[in-house]
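So the sequence lines, in the order shown, correspond to chains A, B and C.
Take the first sequence: its position 199, counted from the start at 1, is 202 in my numbering, and no numbers get skipped.
Take the second sequence: its position 380, counted from the start at 1, is 389 in my numbering, and no numbers get skipped.
Take the third sequence: its position 67, counted from the start at 1, is 52 in my numbering, and no numbers get skipped.
Any given hint could be a false lead.
To be verified - Some residues of chain C that are not near chain A, with every Cβ distance over 10 angstroms (derived):
| id | residue |
| --- | --- |
| 1 | C12 |
| 2 | E29 |
| 3 | R44 |
| 4 | D93 |
| 5 | A102 |
As the list claims (entries may be wrong) - Sample of chain A residues facing chain C (criterion: CB under 7 angstroms; computed from the structure):
| id | residue |
| --- | --- |
| 6 | H51 |
| 7 | A110 |
| 8 | S114 |
| 9 | H131 |
| 10 | P162 |
| 11 | C195 |
It is worth saying that the hints were derived from the structure and are not from the lab.
Beta carbons: idealized from backbone N, C-alpha and C, even for Gly.
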Amino acid sequence: MKYALYPGCSLDNSSVAYAMSLEAVAGNLGLEFETIDDWNCCGATEYHTIDKLAAHAVIARNLALVDEHLDQVVAPCSACYLNLKKTDRVMTEHPDLGLQVNRALAAGELSYEAGRLNIRHILDVLYHDVGEQAIREHVTQPLRGLRVAPYYGCVVVRPYDDLDNAEYPSRLDELLGWLGAEVVDYPVKAHCCGGHMAQVSEEQAFELIRRLLSSADEYDADVIACLCPMCQLNLDAYQDRVNSRYHTRFDLPVLFFTQLVGLALGLDRSALGIGKEIVTAEPVLDSRIIGMGDAAPEA
Amino acid sequence: MAERIGVYVCHCGSNIAGMVDVEAVRRWVGENLEDVVVSKANRFLCSSPGQGMIEDDIKDEGLTRVVVAACSPHLHETTFRRACANARLNPYLMQMANIREHASWVTSRRDEATMKAIALISAAVERVKCQQPLQPSSVDVNPQTLVVGGGIAGVQATLELADAGYRVFLLEREPSIGGHMAQFDKTFPTLDCAACILTPRMSEVGQHENVTLLTYSELESVSGSVGSFHVTIRKKARSVNEETCTGCGYCEDKCPRKVLDTEFEAGMGYRKAIYTSFPQAVPKVPVVDRDSCIWFERGKCGACMKLCPTGSIDFEQQDQTIELDVGNIILATGYSTFDARRMPQYGYGRLANVFTSLEFERMCNAAGPTGGKILLRDGRTQPKSVAIVHCVGSRDKNYNHYCSNICCMSALKFGHLAIEKTGAEVFSFYIDMRPNFKDYEEFYQRLLEEGMSFVRGKVAEVTDASRLPGEQGKLIVQCEDTLLGRQRRIPVDMVVLMSALEPREDSKEVGLKCGISCSMAGWFTERHPKLDPVATMTDGIFIAGACQGPKDIPASVSQGAAAAARVQSMITRGTVAIEPIVATIHEENCSGCRVCNGLCPFSAIEFDADQQVSRVVAALCKGCGTCVAACPAQAISGAHFDNDQIMAEIKGILWDARRPETAGAAEEQSHD
Amino acid sequence: MNAVAQRNEFRDQVISATPGGERLLDCIQCGTCGGSCPNGPDMESTPRRLFALIAAGERERVLHSNTMWHCVSCYLCTSRCPQKIPITDVMYTLKRMSAAEEGGTESDGASLARSFAGYVDRYGRSFEFGLASRFYLTHKPSSLLRMGPLGLSMFHKGRMSLTPSRIRQIRQLRAIIDKAKELGRNGEGQS
Chain A
4 MKYALYPGCS LDNSSVAYAM SLEAVAGNLG LEFETIDDWN CCGATEYHTI
54 DKLAAHAVIA RNLALVDEHL DQVVAPCSAC YLNLKKTDRV MTEHPDLGLQ
104 VNRALAAGEL SYEAGRLNIR HILDVLYHDV GEQAIREHVT QPLRGLRVAP
154 YYGCVVVRPY DDLDNAEYPS RLDELLGWLG AEVVDYPVKA HCCGGHMAQV
204 SEEQAFELIR RLLSSADEYD ADVIACLCPM CQLNLDAYQD RVNSRYHTRF
254 DLPVLFFTQL VGLALGLDRS ALGIGKEIVT AEPVLDSRII GMGDAAPEA
Chain B
10 MAERIGVYVC HCGSNIAGMV DVEAVRRWVG ENLEDVVVSK ANRFLCSSPG
60 QGMIEDDIKD EGLTRVVVAA CSPHLHETTF RRACANARLN PYLMQMANIR
110 EHASWVTSRR DEATMKAIAL ISAAVERVKC QQPLQPSSVD VNPQTLVVGG
160 GIAGVQATLE LADAGYRVFL LEREPSIGGH MAQFDKTFPT LDCAACILTP
210 RMSEVGQHEN VTLLTYSELE SVSGSVGSFH VTIRKKARSV NEETCTGCGY
260 CEDKCPRKVL DTEFEAGMGY RKAIYTSFPQ AVPKVPVVDR DSCIWFERGK
310 CGACMKLCPT GSIDFEQQDQ TIELDVGNII LATGYSTFDA RRMPQYGYGR
360 LANVFTSLEF ERMCNAAGPT GGKILLRDGR TQPKSVAIVH CVGSRDKNYN
410 HYCSNICCMS ALKFGHLAIE KTGAEVFSFY IDMRPNFKDY EEFYQRLLEE
460 GMSFVRGKVA EVTDASRLPG EQGKLIVQCE DTLLGRQRRI PVDMVVLMSA
510 LEPREDSKEV GLKCGISCSM AGWFTERHPK LDPVATMTDG IFIAGACQGP
560 KDIPASVSQG AAAAARVQSM ITRGTVAIEP IVATIHEENC SGCRVCNGLC
610 PFSAIEFDAD QQVSRVVAAL CKGCGTCVAA CPAQAISGAH FDNDQIMAEI
660 KGILWDARRP ETAGAAEEQS HD
Chain C
-14 MNAVAQRNEF RDQVISATPG GERLLDCIQC GTCGGSCPNG PDMESTPRRL
36 FALIAAGERE RVLHSNTMWH CVSCYLCTSR CPQKIPITDV MYTLKRMSAA
86 EEGGTESDGA SLARSFAGYV DRYGRSFEFG LASRFYLTHK PSSLLRMGPL
136 GLSMFHKGRM SLTPSRIRQI RQLRAIIDKA KELGRNGEGQ S
């Protein structure tokens, strides 16, 4: 099956590690992705704050640009996933609004038939389309009990809970289990990282980040696995600032779950973007002898 | 010979007269409609003088047909039919024209209302000329009754009927009667011990000469109709001989196999593989749970069999099929509870010290798994603080829209018990307080005085992720205290979830077996929610208690008694009249294609394989007309709704339609 | 003051500007939203109280409040609301109304959103470096000092481009955006 890929702006920038690991993993597992040609920014939460119809139209342009032979759209970024899915749903459930969006698209000689595409998060594709058996079979270097705290963030499970339970999801937990990790079950795995709040109001955002780090730490996680660029950025890049503000000493590496998948598949650390994270993951990976390739001593 | 028709137009106060020009209508009808010899108006025809006028006219004017233009037949068809009958005119020679709901109440224009009233009366007049005198038939009522469900509502209904001298078969799925009430500790608002008030009734049922108790049994099928139902019951094998068992309990004592009791103890305690549900069980005869019994697992043990002083254990026992004939059936099948795991934000199943209401009841019960002590899951520690969460799965469009009626009162009861037994700080988290029956508001007052705290705000989540000082090691209840307008986090030791009441999982199937339906929410549908809550749309099938909708014990008892009273009235009358508005299959025209058989919504058509014709069972037929319309050979006629009558009605409505000649002339004119 | 009950136009506007907004009428003030919100304690009014204010027609107070600007779009409220009110979407509506209105809350959130959308309009892509630097320069210059090291770190790891990306068919996107804004001004695009 071929998928249309909507990378989202972060994958070129703050989350280049996500892009690298996604490409490497897809190659290894035989997933065919075709990037939507000339895709534009989905507007994140910001465009909806300014103009509803324009926000939907900006998003819909991407849907309209998907090759007519493809009907599966994959988004690695949770916010992009939500935006694409929401616009499609809103256009379907509110035909008047759908009509207006298409009128706007028509000004760019485009159109989108609401409901045509199935918009999915990359977690969904790995969990359902590739599946447990295939992943287990492809794992060459199980993660040797690395204690991983799966962090879902919000919008991959809310408001659309078709992929997983909105309050206490478990798909990522399971997938990490297939990789041989020891999955840490901690209570705030689907609580908010604060999103863009880190730029708007540090006090609030840092408190939300602190809560997550604190819980993962309390449950002795070695590493946190994210599936959203915003979450990874917040937990990783601001960890130092959180430590200053709250006099904590968190030292929790935060990786994208695809990086962990890649490590378990035996792929090269640098190909997976390991090292791009601010709070370095090298020590904990070294100590578990993970992703050391030929340099790994006999286990 | 021409008919002599009397037309009566009702003012209905201003309900009709306020919009319809009643006097004009009366006059027009008298002057214009053929065969109308009397045309009168009256302020309230349904009143005694009103009916009296109709009766007198029938006698004095020799009326052969009557038309009453008034409200809906739903309300007064019976009234006016009775008036005709009193005057010795066949009641089916009366027709009503609804000029209230269909004319006065659907427009704000007087001229429209009046014109429509005229059309409707004209239709009724034409129709009534074609109507035939009909005789209702009657069937005998079997004085035996089946009550399905041995909870408090079923027990009440059973005792009422049995005390009146009639035989009752009480069918119960569990090994013992008693229902949910037997699981409770105390009942609100009196704080009576549930068992103390219930078990005497249960004993009475168990010993009553007029009651046949069928426990550990299932309803398999129901056929027939009011007055004569035929019921098939599967009596599951207890593996114990009920005749010889003395209920000594030795077997239960000696049984080596212990299993989690997910039924009576709500998963809080254990029972044996051979067990009685609780000490006061009726009947006192135990049951062998064949899924957990070692003998059935691998042919070993058999301790109960060896040790039973009367040799009553019978592992060979088979399920039994019992056939019964009864006149009426009362369904009192009770309720189930919401599975709180569906709301992960409350932590049930994940956080140890989150309990459901049923679990808490069992804990409070002196004969329960903790001997009546309120303890945390470690079985040792008393909580110092308890949070009671209202509306778990109720009043929630994500789960059940409705309010479960009893939880607010139950929460107060739990608060009282917790305070009494442990002295803990108790918090109720509510959206609204609903103490809605006699002495309930006073009970709320009592709890206020006992120092229970009330926070108005639906709980958002229960978590063990501590954040603020004082939260470590506790369960934190997070909500918005809406009266303060502020989010609050309250650390407690124990959380009790007031789970919604839900219909039984198989209520739809049970309903279908008896020919009744369930509402969207899954509760059995009553005939009328305000005026007839214990009857259903199927004559002879009654409902009582929580299976009709969540309710407390007094309401369940009332409904049980009400259903019994209805059944008694059927039994004392001895016969029940079957409306003659039924379909008839003209066998000489029937080809035996059986198209009608499957279409009948009331399963009222039988097929005679020998004669190769179908036949309508008049007692079941509701006269809906589906078969009449469907029959490819037009071999079925519907009494009181035959083609002539319907065509006459249409002709009456179109009283002012153009005749073909004039229509043609008008068309010619318009071409010029 | 007119004692006769008046049509609550403000509430009507909020409802018509939000897909599924008519469910706002179903609010029973249970407080689940206010209880779930991660930023609830920092808001002047919880979402619940804001809805009470909307129901009371208090337009000024609502549009001046900081509630919606503290919304992080976590959707916990929406997912839990027993009346299935699309709460997060109502927050977006209020943000739009507040940002568009003279005298609405002039918050950092509004200004960040405008900058972000501005980059999308201009390049078809977001531009984090531009956004962050402009935002900190204009709103929190002192934070620049603290954020500096992080920015540098990100740049060195190849996680932050100093120049914006651009889509090829920016004219097409702009035509679409312009048309959408025009339709929006004419009162279209209400659901």
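Results for each hint:
A cut-off of 10 angstroms between C-beta atoms confirms that C12(C) is not in contact with chain A; the least separation is 17 angstroms. Every CB of chain A is more than 10 angstroms from the CB of E29(C) (nearest about 14 angstroms), matching its label as outside the interface. With a minimum CB-CB distance of about 19 angstroms to chain A, R44(C) clears the 10 angstroms threshold, and the non-interface call stands. For D93(C), the shortest C-beta to C-beta distance to chain A comes to about 5 angstroms, within the 10 angstroms cut-off, and the non-interface label is violated.
Not every C-beta of chain A lies more than 10 angstroms from that of A102(C), the closest at about 5 angstroms, which undercuts listing it as non-interface. Annotation: interface hint on H51(A) holds; nearest CB of chain C at approximately 5 angstroms, less than 7 angstroms. Checking A110(A) against chain C: minimum C-beta separation of about 4 angstroms stays under 7 angstroms; hint holds. The beta carbon of S114(A) is not positioned within 7 angstroms of any beta carbon in chain C (closest approach about 11 angstroms), and the interface hint is therefore violated.
Contact between H131(A) and chain C, as hinted, is not supported at the beta carbon level, the nearest pair being about 22 angstroms apart and thus beyond 7 angstroms. Of the supplied interface hints, the one on P162(A) holds, with its beta-carbon coming within about 5 angstroms of a beta-carbon of chain C, less than 7 angstroms. Look at C195(A): its Cβ gets to within about 4 angstroms of chain C, closer than 7 angstroms, so that hint holds up.
Of the numbered hints stated above, those contradicted by the structure are hints 4, 5, 8, 9, listed in ascending order.
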